[in-house]
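Generate the whole structure from the sequences, applying the supplied hints.
Residue-level listing of the chains:
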Amino acid sequence: MSSIGDRFLASLAWLSGASVLLAITLLLAFLAHRGVASIDLALFFGDTPWVEAVLGRRPVFGGIWSAVVGTFSLVVLSSVVSIPVGIASGIYLVEYASNRWRMVLGFMVDLLAGTPSIVMGLFGFTIILALRKTFLPGARTGLLLAAVCIALLILPYVIRTTESALEGIPDHLRLVGPSLGLTRWQNIRKVLLPLASRGVLSGAILAIGRAAEDTAVILLTGVVFHAGIPGSLVDKFEALPFRIYYLAAEHRNPQELNQGFATALVLLLLTGLLFLMAVLLQRSVESRWQTR
Amino acid sequence: MIAPPEPTVAVSGLTIHFAGKAVLEEVNLTLRRGQLTVIVGPSGSGKTTLLRSINRLNECFPYCRTEGSVRLQLDGRNGNIYEDFLSLAELRRRVGMVFQTPAVLPFSIRKNLTMPLGVTLGLTGAAAAERLERALREVSLWDEVKDRLNDPASTLSGGQQQRLCLARVLALEPQVLLLDEPTASLDFRAAGRIEELLLKLKEKYTILAVSHSLSETRRLADRVCVLREGRIVKELERQHLSDPAVFQQLIEAAF
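These protein sequences, in sequence, are chains A and B.
In this text, residue positions in the first sequence follow my numbering: the first is 1, and each later residue adds one.
In this text, residue positions in the second sequence follow my numbering: the first is 1, and each later residue adds one.
Calculated from the structure, these hints are not laboratory results.
Since the structure is predicted, the reported quantities are computational estimates derived from the model, not experimental observations.
Treat the hints with care, as some may be off.
[Stated by the list, open to error] Derived SDA-like pairs: lysine to any residue, alpha-carbon spacing no greater than 25 Å straight-line:
| id | chain 1 | residue 1 | chain 2 | residue 2 |
| --- | --- | --- | --- | --- |
| 1 | B | Lys21 | A | Ala97 |
| 2 | A | Lys190 | B | Leu149 |
| 3 | A | Lys190 | B | Arg131 |
Structure (structure tokens):
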């Protein structure tokens, strides 16, 4: 009887795994089928010569180059804010907070994780309104505001994964540092963080992915269709998910729709590239930790 | 008969509570250099807590309250470790501890030893290398690992890992060693090597060990303390250990 149950559960597990694979393959195949043909220089740069566009000498109008730059800056900025803060919060919750604080703060982190991104966008928008009415009448939505709101959105992923990675360290390794005379911070820095680095990385990857795809937050905090490449942190910007949304909703001909699919592929590739950067960074840090 | 030397460690009236529950009660114990003391007792009798009270490691766990004193004799100084006699970091360097599971860090063999040296003593370069070699020789591991110091420590066998952990402690030049069932997770042969090592090390260090194995206790111990429900209920000296049958009887009566 139990062997039948075992087999049933095993096949269910296999099936679930296979369906994930199938879904991703279908998605990629579909995107590739509709989009690959449209990936060319014109997709990125429109009529502008690409060298001039990349060097920033001439603005790009018909292409997605500004959106690529916009999304890249958005992800990097929001990660720079949220990953260190998230790791630090995770460390605080596991290593320093009392049980009571941990419960309260943990609940808040969950609440933050459950906040819909449109609400986060509204939050950013309200901040700007408040600033305009008080001591910064010139405040407007832009890259920095969007990055901060996105950072808030992805913060819980980093906190939670850091927390569980630290919690997963067995007691006998947790005690090694203190037993050798390391202070609490030295133990965290030299023993616990290296042990948790892979888990922390997976949180960073989740966060990067989420930052790259979010549209609702940026809609209210500074994304514009023809913004060009932002010249400063308070400028309006373009972003790939917004571009995709725009092309899908407002395309005037089938070519534009196909450009939308191609843009989606580019977004996937860009996110992949960012993941790769995160993995390489973690590997290099890890190998330094292991030997030096 | 010569007068026994000053005890290196003198535990008196030690009572430890965790979350209001007494784990150790009124424990008195003295440890001397050149003597290997073994604590035996049923699970949950407070053996590990007693061990951890001597390097204040219990404080890494929540809701711990310690009463009584643990006096340490160090380079002519003498003081209660619970009364700011030493900094916590120095205390734990001077009173080294080895755990039941070989707790190697996921670093290279070299870094397992040099990291604590660098972090706690600021030793790097040649000074650290010299201590590393000395410690590895002391645990007879040098010849086995000298050509592969940059390999991950996890590639060593269980017994080698445990000797590496011992070397890591010895590199910090402790005076007291606390060993929490150091051979429990090892096979017969590896355990034998550790035992040999301990018999050699006890000449130089004051050693307090916890053991589950009565035969091992008989081979190693100069003195045996039987712990039951947080109290030391019996202390046996070397002469009681020579006859296995008598020893077995004494222990069984105490358990």
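Verification of the supplied hints:
{"no.": "1", "hint": "Lys21(B) <-> Ala97(A)", "in the structure": "holds (23 Å)"}
{"no.": "2", "hint": "Lys190(A) <-> Leu149(B)", "in the structure": "holds (19 Å)"}
{"no.": "3", "hint": "Lys190(A) <-> Arg131(B)", "in the structure": "holds (20 Å)"}
In this structure, none of the earlier numbered hints is contradicted; all agree with it.
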